[in-house]
Each structure stands twice: as C-alpha cells, then as structure tokens.
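Asks: Here is what each chain is made of, one letter per residue.
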Amino acid sequence: MKLGKKALAAGVLAAALSLTACGGSGSATPSGGGDGGTPYVAMISKGFQHQFWQAVKKGAEDKAKELNVKITFEGPAAETEVDSQLQMLQAAIDKKPTAIAYAALDPEACVPAIEQAKAANIPVVQFDAGCKSDYPVNLAKTNSMDAGAMAADHMAELIGKSGEIAVVGHSQINSTGVERRDGFLNEMKAKYPDIKVVDVQYGDGDHLKSADIAKAMIQGHPNLKGLYGTNEGSAVGIVNAVTELGLKPGKLTVIGFDSGKAQLDAIRSGLMAGAITQDPIGMGAATVQAAIDASKGKSMPKVTDTPFYWYDKTNMDDAKIAAVLYQ
Amino acid sequence: MSEVKSVPRTEASADAVKRESPGGSFLRQRLQQSLAFGTLIVLLAFFSLASGNFFTWTNISGILLSTAVIGILAFGTTLVIITSGIDLSIGTGMTLCSVVTGLLLVNLQLPLFIGVLGGIATGALMGLINGLNVSILKLPPFIATLAMMLIAQGLALVLSGVRPIYFSKVQGFKDIALGQLIPGLPNAVLILVLTGIAAYLVLGKTLLGRYIFAIGSNEEATKISGVNTGKWKILVYTVAGIFTGVAGVVIAARLDSAQPQLGSGYELQAIAAVIIGGTSLLGGRGSVLGTLIGALIMSVLINGLRIMSVQTEWQTVVVGIVILVAVFTDSLRRRREA
Amino acid sequence: MLPAVVQIHEYRPQGTSVISEEVGETVGEPLLKVEGISKSFPGVQALSDVHFDVNKGEVIALVGENGAGKSSLMKILSGIYQKDAGTIYLEGVPVQIDGPRHAQELGIIIVHQEMNLMSHLTVAQNIYIGREPRRLGGLLLDEKKLNRQTAELLGRLGIKEFAPTDLVENLTVAKQQMVEIAKALSFDAKVVIMDEPTSALTTSETETLFRLIGDLRDRGVGVIYISHRMEELKRITDRITILRDGKYIATMDTATASQHEVIKLMVGREIDENARPENVRRDNVDDVVLRVENLSTRKLLKDVSFELRRGEILGFSGLMGAGRTELARAIIGADRMTEGRIFVNGKEVKIGQPADAVKHGIGYLSEDRKSLGLLLDRDVNTNILLSSLGNYTNPVGFMKAGSGKGTSQKYIDSLRIKTPSMFATTKNLSGGNQQKVVIAKWLARDCDILIFDEPTRGIDIGAKEEIYRLLNDLVARGKSIIMISSELPEVLRLSHRIMVMAGGRITGEIDSDGADQAKIMDYATRVEQQGAEK
Chain B
1 MKLGKKALAA
11 GVLAAALSLT
21 ACGGSGSATP
31 SGGGDGGTPY
41 VAMISKGFQH
51 QFWQAVKKGA
61 EDKAKELNVK
71 ITFEGPAAET
81 EVDSQLQMLQ
91 AAIDKKPTAI
101 AYAALDPEAC
111 VPAIEQAKAA
121 NIPVVQFDAG
131 CKSDYPVNLA
141 KTNSMDAGAM
151 AADHMAELIG
161 KSGEIAVVGH
171 SQINSTGVER
181 RDGFLNEMKA
191 KYPDIKVVDV
201 QYGDGDHLKS
211 ADIAKAMIQG
221 HPNLKGLYGT
231 NEGSAVGIVN
241 AVTELGLKPG
251 KLTVIGFDSG
261 KAQLDAIRSG
271 LMAGAITQDP
281 IGMGAATVQA
291 AIDASKGKSM
301 PKVTDTPFYW
311 YDKTNMDDAK
321 IAAVLYQ
Chain H
1 MSEVKSVPRT
11 EASADAVKRE
21 SPGGSFLRQR
31 LQQSLAFGTL
41 IVLLAFFSLA
51 SGNFFTWTNI
61 SGILLSTAVI
71 GILAFGTTLV
81 IITSGIDLSI
91 GTGMTLCSVV
101 TGLLLVNLQL
111 PLFIGVLGGI
121 ATGALMGLIN
131 GLNVSILKLP
141 PFIATLAMML
151 IAQGLALVLS
161 GVRPIYFSKV
171 QGFKDIALGQ
181 LIPGLPNAVL
191 ILVLTGIAAY
201 LVLGKTLLGR
211 YIFAIGSNEE
221 ATKISGVNTG
231 KWKILVYTVA
241 GIFTGVAGVV
251 IAARLDSAQP
261 QLGSGYELQA
271 IAAVIIGGTS
281 LLGGRGSVLG
291 TLIGALIMSV
301 LINGLRIMSV
311 QTEWQTVVVG
321 IVILVAVFTD
331 SLRRRREA
Chain Y
1 MLPAVVQIHE
11 YRPQGTSVIS
21 EEVGETVGEP
31 LLKVEGISKS
41 FPGVQALSDV
51 HFDVNKGEVI
61 ALVGENGAGK
71 SSLMKILSGI
81 YQKDAGTIYL
91 EGVPVQIDGP
101 RHAQELGIII
111 VHQEMNLMSH
121 LTVAQNIYIG
131 REPRRLGGLL
141 LDEKKLNRQT
151 AELLGRLGIK
161 EFAPTDLVEN
171 LTVAKQQMVE
181 IAKALSFDAK
191 VVIMDEPTSA
201 LTTSETETLF
211 RLIGDLRDRG
221 VGVIYISHRM
231 EELKRITDRI
241 TILRDGKYIA
251 TMDTATASQH
261 EVIKLMVGRE
271 IDENARPENV
281 RRDNVDDVVL
291 RVENLSTRKL
301 LKDVSFELRR
311 GEILGFSGLM
321 GAGRTELARA
331 IIGADRMTEG
341 RIFVNGKEVK
351 IGQPADAVKH
361 GIGYLSEDRK
371 SLGLLLDRDV
381 NTNILLSSLG
391 NYTNPVGFMK
401 AGSGKGTSQK
411 YIDSLRIKTP
421 SMFATTKNLS
431 GGNQQKVVIA
441 KWLARDCDIL
451 IFDEPTRGID
461 IGAKEEIYRL
471 LNDLVARGKS
481 IIMISSELPE
491 VLRLSHRIMV
501 MAGGRITGEI
511 DSDGADQAKI
521 MDYATRVEQQ
531 GAEK
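Chains as they are written, first to last, in the working numbering: chain B, 1 to 327; chain H, 1 to 338; chain Y, 1 to 534.
Note that these hints are calculated values from the structure, not bench results.
There could be a bad hint or two in this list.
[Unchecked claim] Listed below are the simulated PhoX-like cross-link pairs for lysine-lysine, each with C-alpha atoms no more than 20 Å apart in a straight line:
| # | chain 1 | residue 1 | chain 2 | residue 2 |
| --- | --- | --- | --- | --- |
| 1 | B | LYS161 | B | LYS251 |
| 2 | B | LYS161 | B | LYS118 |
| 3 | B | LYS261 | B | LYS225 |
| 4 | B | LYS118 | B | LYS302 |
| 5 | H | LYS138 | H | LYS231 |
| 6 | H | LYS205 | Y | LYS145 |
| 7 | B | LYS251 | B | LYS196 |
| 8 | B | LYS118 | B | LYS95 |
| 9 | B | LYS248 | H | LYS174 |
| 10 | Y | LYS359 | H | LYS205 |
| 11 | B | LYS261 | H | LYS138 |
| 12 | B | LYS302 | B | LYS261 |
| 13 | B | LYS302 | B | LYS320 |
| 14 | B | LYS189 | B | LYS261 |
| 15 | H | LYS169 | B | LYS261 |
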C-alpha cells in the first residue's frame with residue numbers, strides 16, 4: 001500500500017518534470033524523419049504560445065502543404081528557457097530530418113548543437129534570430145534595429161519632434177526586445193534632440209504587468225507625450241493603462257509592435273496611433289522554402305531580410321498590410 | 001542586552017499602529033501583531049515624500065487595482081497555507097478559469113453570469129481535485145498542486161487553441177473589473193474587498209476556519225479529537241479554488257481578454273504576499289488582514305519604484321530584499337515573544 | 001517464568017454472562033469490559049488476549065512497563081487503533097469502536113499523555129473542537145456561547161489557572177495538561193482514560209486533578225488511570241490491573257496490594273528498588289570537566305549553575321516542563337542562552353551551535369531518538385559514523401571506501417548492539433539497541449561528556465538493565481554523564497549526585513547517599529513557593 005502511494009507520487013513527479021522539460025510542443029507529428037521519401041523539416045522556434053509564433057507556424061504549414069513537405073514546429077514554453085530549447089534542437093538532430101530550421105534564443109549557447117548538425121550532415125537554416133556559427137545556410141529575419149528606428153520616426157512625427165516619452169519593453173535580454181528598444185533609442189538620440197526618453201521599463205510581455213508599468217509611468221511623468229511598447233503584450237498593456245486612466249484619445253501617443261486583435265482594435269479606435277508589424281507568415285513560408293532549397297544544395301544569401309511595415313488607421317485595410325496582420 | 005534594545009522599538013511601532021487605527025480594539029490587536037502594517041505605512045510615507053506624483057487618488061486607485069488579482073489569489077492561498085499546505089496551481093489555474101469564461105461567453109455566447117459562474121466553478125473543480133489528491137491519495141500538497149499547475153497551464157493553451165480570447169463583443173464584461181459602482185473606485189477593488197471579507201468570515205467565523213487553524217496547528221490532534229480532517233482539507237482546497245476562479249474572471253475582465261500564456265509566476269507573488277502578511281508556512285498562524293497588507297506592500301513597493309523610474313532589474317532586487325526583511329523581522333519578533 | 005499470584009479478580013469467560021435485559025442496572029455487570037483483545041504491528045505483537053474491566057464509579061489503575069501494551073490498549077479503546085481480535089463491552093453491550101469520534105459518542109474519553117492540543121487555538125476552541133456551538137443555522141461559529149460554556153465548565157471543575165480565551169501556546173505544560181483534562185471532562189463521559197496525567201503537574205494541580213477524579217467517581221463514571229506513581233495509585237484507585245509484554249498478568253485490590261508485589265508483577269522478576277549503582281567508584285570521580293555558571297534563557301531557564309566531574313553520573317530530576325531538556329539544549333547550543341558561561345576542563349568555551357558542543361567533546365542523546373538522534377532509514381554503520389564522518393572522508397569530501405567499518409564494528413561489539421550486520425537498517429533494531437547506536441555515534445566522535453535525555457524511554461526492561469550497565473561502564477572509563485530522567489528509581493539508582501529542577505531553576509542538589517523519592521519530589525514541586533515569593 002505504502003509502496004503504491006510512493007510509486008504514484010514518483011510517477012506524478014516524473015510526469016511533471018518531463019512536462020516542464022519539454023515545455024510544450026506546437027504540433028505533435030510523430031517522431032522519426034523522412035518516411036516514405038517525404039522531406040521533413042524540423043522547426044525549432046523561440047516559443048509557441050505567442051501569437052507571433054503561431055503566425056510563423058501557420059506560414060510554415062501553408063508552405064509545407066504547397067511543397068508537399070512534412071514539418072514539425074516546436075518551441076519552449078517561455079522565451080527564457082534556453083536550455084530546454086537546446087534539448088529540442090538536440091532531439092531534432094537525432095531524428096535526422098531533411099533540414100532543420102532554427103530560431104536561436106541565445107546566439108552562443110546553440111553553437112555546439114549546430115556543430116553536431118553539421119557533423120550529422122543536416123542542413124540548417126535559421127529564422128528570426130541567428131546562431132554565431134558559420135554552418136547555417138540562411139537566416140530569414142526582420143532587421144529589428146531598423147524596425148525600432150521606424151517606430152521612433154513615427155513617434156517623433158506624431159508628437160511634433162519634442163517632449164517626454166517612455167518605453168515599455170518586453171525583454172532586456174532577448175535579441176528582438178533589445179534591438180527594437182535600441183533601434184528606437186538610437187534613432188531618437190541621433191535625429192531628435194528635443195525628445196527626451198524619460199523611462200524604460202520591462203513587463204515581460206505580460207499584459208497585466210505592462211499595464212501597471214504604463215500607469216506608473218504616466219503617473220510619475222505627468223508631461224509624458226508618448227509611449228512605445230516593444231511587442232504585443234507591452235503595447236496592449238499601454239492601451240489598457242490609457243483606458244483605465246480614462247485619458248482622452250490622442251492625449252498620449254501610443255506606438256506598438258506586432259499585431260493581434262486587441263492592438264488592431266486600439267488602432268481602429270484611435271487609442272493607439274499605429275504599430276510596426278513584421279511578416280511572420282511570410283517568415284514561416286520563407287524559412288520552409290529556404291530549408292528545402294538548402295537540402296537541395298542551392299546557394300542563397302546568408303541573410304534574407306523579411307519585411308516589416310508601419311501600419312495605422314489609414315493603411316491597415318490595404319491588401320498588402322492586412323495579409324501580414326494576425327488577429 | 002538585546003532585550004533592552006527591542007523594547008522601545010516595539011512600543012514605537014505599536015504606537016504608530018494605534019495612531020492609524022483609533023477604532024476597535026480588534027483591529028488594533030490584529031494590526032499590532034503585524035509588523036507588516038508598519039512597513040506599509042513607512043513605504044507609503046517614503047514614496048509620498050520621494051515623488052509628488054505618488055500620493056494622488058488616481059495612483060492610489062491604480063495601486064489598489066493592481067493589487068486585486070494577486071490579492072484575491074493570496075486570500076485563497078492564505079487558507080491553504082494556514083493548514084500548513086501550499087497551492088502552486090493558483091497562477092496558471094487562474095488563467096484556465098479565464099479561458100473557460102472566454103469559451104463560455106465568446107465561443108458559446110452564453111449569458112454573462114453563466115460565463116462568470118463557469119470560470120469560478122472551474123476554479124472550484126481544480127481545488128476539489130487538489131483537495132482529493134492531498135486528502136485521499138495523500139500526495140504532498142507541493143506535488144499535488146505542482147501537477148495541477150502544469151495541467152492547468154496545458155489545458156489553458158489547449159482549450160484556447162494557443163490564442164487569446166477577446167471579450168470586446170461581450171457587453172458589460174469589462175465592467176466587472178473596470179466599471180465603477182462606487183465612483184472613482186474600479187469594481188475589481190470592490191471585488192478584492194468583498195473576497196477579503198469573505199475570506200475573513202470563513203477563517204474567523206465558520207467551522208471551516210476553525211478547523212483550518214486546528215489542522216495547521218496539530219493535524220493529528222485534530223483528527224483524534226474526532227474531526228474528519230480529510231474532508232475539511234478537501235473543502236479548504238476547494239474554497240481556495242473558488243478564489244482562484246474569481247481572480248480568473250477579474251483578470252480576464254481587466255484585460256478584456258483571456259491570455260492563455262499568462263499566469264505562471266503569479267502563484268509565487270501571491271504566496272509572497274501571504275508570507276509578508278505574517279502567515280506561517282508551518283501552519284496554524286495567519287490572517288486575511290495580514291495577507292491584504294502583504295499584497296499591498298508588494299504593489300505599493302513596485303508602483304513606487306516604477307514611478308521613481310528605478311530600473312526594472314533593481315525593482316526585482318528590492319522586492320526580494322523586502323520579502324527577506326519582512327519575514328525575518330516577523331520571525332525575530334516571534335522568537336522574542338517565545 | 002512467574003507464578004501468577006494474587007489474581008483476586010478471576011478472569012470469567014464471556015460465554016456464560018448473558019447480555020442483561022436491563023443494561024446498566026444489573027449489579028456486577030461491568031461498565032466497560034474488554035476480552036481477548038489482540039493487536040499486532042509489523043514485527044511486534046503489541047497485545048495478545050488482554051482482558052480487564054472497570055465498574056461504574058470505580059477508578060482502576062492500569063500499570064505496566066513501557067511496551068507492556070497500555071498505550072495500544074488505550075488507543076484501541078479511544079478508536080485510534082482497530083483491534084485485530086477480541087470484544088469490547090460497554091454496559092454489557094458489545095461495541096465496535098470505529099474512530100475517535102465514535103469513541104467520544106459512546107462516552108469513552110481519553111486524556112492523552114502526549115500533548116494533543118492545537119497550540120494556536122484558545123483553551124475554549126481546543127476543548128470544544130469538533131463540537132463547536134454555532135448560530136445562523138450552523139453557518140457561523142458562536143464564539144460567545146463557546147466561551148461561556150467553557151467558563152461554566154472550568155468553573156464546575158474548579159480550574160482557575162487559565163481563562164477560556166487564553167491561547168494554549170502561552171500556557172505552561174502543566175496548564176496545557178489541565179486543558180486536556182478539562183476537555184476530556186467536558187464530554188458526557190461514561191469512561192475516562194487518563195494516561196499518566198500527573199507527569200507534568202505540580203502538587204496543587206495534582207490535588208485539583210484528584211478532586212476531579214473523585215467527582216467523576218461520585219457521578220458513576222469509570223476511570224482508567226495509567227500511572228507509575230505508586231503513592232498516587234494508593235490514594236485514588238480501587239483496583240490495579242497489571243500488563244506485561246502485551247499480556248494480562250493480574251488484577252488486585254489496591255487496598256491489599258503491596259508496592260513490591262505490583263512492581264514484581266510488572267517487571268516479571270524481583271527488583272531491588274533500592275539497588276545502588278553496582279560499580280560507582282567514588283575514587284574515580286575527580287576534576288570538574290564541565291562547569292555551567294548562571295545560565296539563563298529567554299524562555300525558561302533562570303540562573304542555572306552546576307558542575308560535572310570526571311567519571312560521574314549527574315542525575316537531573318524534575319517534573320515535565322521543569323527545564324531539564326531546555327538546559328541540555330542550551331548547553332549544546334541548540335537554544336540560545338541570554339546569560340551564563342560554560343567551562344570545559346576549566347577553560348571557558350563559546351558554544352553557538354551543536355557543532356561547537358561536539359567540538360568540545362559534548363554529545364547530546366536526545367529524548368526523542370527517533371526524530372532527533374537517528375537516521376532511521378539508514379544503516380547502523382552510517383548512524384555510528386554520522387558525527388565523525390570527517391575522519392573517514394578524503395579532503396574533497398568523498399567517503400573513503402570501506403573506511404570506518406572497523407570503528408563501527410568495534411562499537412557494535414563493545415556495546416553489544418544486537419544487529420544482523422552493520423548494514424542493517426536502523427529502524428529494524430529494538431529501542432534499546434537504537435539507543436546503543438546513538439551512544440556509539442558519540443563515542444566514535446570522542447565525546448567525553450555525554451548528556452542523556454531519558455536514556456531508557458521506550459526501552460524494555462531487560463534492555464534497560466543493559467543500558468544502566470553501559471552507563472556505569474562509560475563513567476568507569478572516565479567519561480562523564482549528565483542523565484536527565486523522569487523515572488525516579490532510575491535516577492536514584494544510577495546517579496552520584498542528583499540535581500532537581502523546577503520552573504527553570506535548580507531547586508535542590510542531593511547526594512545519592514541521602515536521596516529518596518520523597519526528597520526529590522519535595523524539591524521538584526518547589527516552583528510554586530518560588531512563584532509565591534515573587
């Protein structure tokens with residue numbers, strides 16, 4: 001009886017640990033590579049819970065269907081879990097896929113694993129963020145520094161090139177968070193001397209936390225003219241703060257990043273001036289295409305810039321923009 | 001020697017408490033037990049002096065609003081922790097509850113109250129399962145609720161299809177948190193107060209509360225006194241689950257959406273609030289008022305640091321230090337008393 | 001091995017006694033009767049075929065050495081354990097006691113020996129736990145009524161030492177014991193079981209208790225009274241039932257029973273109560289090895305000073321809660337002392353934590369071997385070497401393979417620890433042998449000063465003798481021993497000198513030559529006078 005209980009407890013614990021270890025996987029396609037000659041691309045993403053990654057996944061899946069390729073798409077539960085992402089990469093290598101598509105959470109930590117892929121002769125392409133290794137054939141990414149600078153230009157324009165602004169970031173570690181922030185800050189410094197960035201804080205992309213941060217910023221800096229949120233959670237958090245404080249639309253210029261229904265609604269209603277969007281669906285498609293090309297030995301550039309766009313009330317329903325926005 | 005030093009300080013803080021609450025002896029007695037209250041006053045005074053923007057009604061109401069979710073979770077957890085248990089599933093469990101509410105209201109377009117009750121019932125169900133695992137299967141609460149934490153996290157993602165559910169089309173849902181039945185005060189704060197009163201009544205005035213303290217104090221003795229401790233423990237976890245459900249509805253209403261990836265980490269903040277408020281992890285000791293003060297300390301501190309534009313990294317460090325200091329002074333005081 | 005003498009109340013097989021129509025009216029039908037009770041635990045036959053009975057308005061003593069089965073029997077009667085076999089008759093009707101609650105409902109109430117109180121609750125909340133008065137249709141607790149009925153109860157019982165709203169954690173051990181008793185008497189009891197209720201009580205509290213027992217008897221309640229104190233049994237009990245090794249031995253009328261006879265039956269052989277240590281060698285006692293000066297702690301101890309000499313057994317006697325264990329804990333640094341100095345071999349030492357004490361050669365053998373003294377799930381070898389692991393590891397901290405086995409074997413042999421091998425799991429050893437493992441642990445660490453806290457608690461009588469011999473051996477070899485013991489005969493028999501404590505102070509020092517139980521009890525109950533002086 002006692003043994004039974006212990007065994008049960010151990011079982012639950014083991015299950016819990018294994019759950020934590022894999023974080024979660026996007027789509028559960030059976031393991032094992034290239035059965036029946038269908039090419040198989042293993043995609044290791046930075047995450048899967050965020051809308052952005054869901055859109056990348058969708059782009060990849062559509063492309064895979066078109067090319068008659070099998071793909072798996074997985075990523076860790078949080079974009080801080082560098083270690084569990086590497087375990088996923090390791091597992092992918094062991095499955096001997098036709099090609100691996102990888103988005104590095106940490107540019108250094110991934111190097112040994114990429115070397116193993118090289119040793120196993122598996123071509124590697126990358127998306128969103130690269131690993132510091134020469135082996136991967138192609139990196140499809142958005143130039144986040146440039147995107148941040150574009151957000152800065154629009155912010156400056158909207159507030160009349162002078163006044164106080166602040167930034168709600170989503171990460172001070174992860175590369176997109178850092179680059180979107182630095183691109184924005186550098187541009188402000190270089191081009192708009194009359195604009196003062198009074199505060200930069202980080203809400204981990206958590207909507208509630210970001211809202212509380214934005215409220216404190218607005219409270220602490222009564223002359224604040226603009227707020228910039230570096231991803232969907234940060235931007236929507238700012239919008240929530242503005243709503244909760246009952247500020248009149250336009251009193252504060254809010255600029256966001258990425259899309260998602262709440263952000264789109266905020267732009268339509270005028271609470272948010274506009275936002276930068278990448279093309280995650282296009283990124284997913286381009287990545288699968290690159291992976292197949294790489295497996296066939298085609299040559300291609302080291303980096304493919306995937307596009308990013310400014311969108312606001314005026315252009316968000318244009319076909320080109322609407323295609324890259326996700327709800 | 002140390003005794004001599006300690007005396008004036010204790011008296012001073014007791015005086016401070018007295019000044020703040022000229023009212024009932026009950027309140028005074030409870031507050032005196034809690035150094036946390038003194039800490040809260042010191043923090044409020046400090047930030048008011050440090051920044052002219054801190055002590056405004058908008059900001060105070062903002063602080064109260066940001067206390068709501070963690071506070072409600074912490075009330076439920078207080079009950080569990082006094083039994084010397086723990087509930088790690090409240091953070092992601094809260095998220096699951098908000099996702100269920102979303103499914104009921106958005107996907108199935110059921111009436112508002114059904115969505116709300118559905119979310120709360122989901123919390124109760126999770127709590128019930130936690131309670132059964134602890135009481136019947138005799139799993140340690142840490143393990144049982146850790147498992148539930150992961151299950152809830154997974155289910156929230158599965159049920160939502162890894163997408164946020166937006167309530168923008170559900171009339172009046174947002175008002176649950178952000179409407180103002182009392183002008184100037186968001187409803188979420190009202191719910192925080194009401195759940196606090198409910199938790200206080202449960203703990204202080206009902207049989208369940210009595211057995212919560214008894215079990216935490218000496219479970220074996222309670223059992224041989226003829227109390228069916230297993231049954232009551234199941235009830236404790238279930239009631240804690242109801243609080244989780246309420247928190248789930250409140251956070252969904254505040255964000256006007258159910259964010260399935262949210263929630264992990266909220267349990268630790270809630271537990272920290274409970275501990276700062278003077279509830280013992282060893283059980284048998286604790287109060288709802290203390291927990292409220294603990295939750296307020298956390299949100300006042302974070303809000304104040306944000307207003308002063310302290311770097312996010314350092315904010316985290318300061319919160320950690322405050323938890324250490326609060327718990328340490330509390331245990332120091334107890335050691336003196338003992 | 002022993003002729004069952006003086007069996008005054010013959011065991012009468014049940015078959016003949018028909019359940020009476022007029023239950024409770026029949027003269028001669030006992031209030032509570034148990035027959036053929038057996039209970040076994042893995043590896044132990046705790047009770048086999050035990051029978052006894054108690055009549056209305058009668059106080060019966062249940063005596064026996066530790067391990068005789070008294071506790072198991074009481075736990076069966078109070079519903080905590082389920083019996084394997086046998087029948088319990090209450091007022092002539094066979095009853096099946098399903099659990100603690102059921103026992104209470106039947107009117108069988110137990111005052112537990114170990115404190116079974118919820119320390120964070122008030123007196124009233126403790127007494128009526130599980131029976132709380134409520135209002136608003138049972139929704140809310142009626143705290144006022146609870147406190148009122150508790151006040152009534154305490155008034156009826158003549159207990160003035162505490163109020164219904166006092167927190168139990170703020171009460172002294174003795175008062176807590178009174179709470180336990182009040183709780184038991186708050187039930188509409190038919191049978192009250194008291195398990196060594198006076199072990200923590202002062203004289204006046206004991207008087208209060210005896211008065212309460214008298215009241216119960218007058219009301220027709222049957223009382224089962226478990227105690228070792230023969231004077232008490234003489235005063236308040238009508239009959240004495242003796243158990244040994246889980247078996248029924250005899251029952252006799254208190255009035256005619258002699259103390260000598262009772263002890264002989266309990267122990268199973270002749271015991272010379274006045275036996276002195278066989279090999280106390282006074283010439284062996286020389287220098288002071290440990291001197292404690294003016295030691296006080298925040299909680300209990302006040303101004304405690306004493307000296308321990310080489311080759312001496314210094315007995316510490318006193319009631320529960322007198323501060324003996326607290327003194328030991330303060331000396332070894334487990335509790336902080338607020339004042340006082342400690343000298344080892346004439347040099348003052350600072351002891352901030354138990355590791356410091358060990359460094360100075362002071363080993364403490366806890367009263368609670370199972371939770372504080374031993375790793376029960378590990379083998380004997382590990383336990384013996386636990387405190388001296390540093391001697392058997394390489395500089396990096398890895399155990400040197402096979403090292404230390406010689407040491408373990410040495411002590412297993414010299415202390416005659418009965419174990420299948422040094423790799424046997426410690427929990428499978430008997431209590432006496434577990435105690436020897438703890439002793440070996442400290443000897444392996446070269447401790448010269450050993451503090452024994454209740455060295456023979458939970459150890460059967462045969463093994464006790466061996467522990468006594470071992471203690472004498474140790475001092476003969478130049479070790480010095482502080483022995484804390486609640487068993488007066490043990491203290492009297494082994495100690496060279498006896499320190500008596502009460503209320504956190506040393507109230508008396510007695511040389512073993514002039515010591516007797518009365519003298520010790522006199523000092524042990526002095527706390528009240530001291531309190532009164534203040």
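Asks: Which numbered hints does this structure break?
Replies: 2, 3, 10, 11, 12, 13, 14
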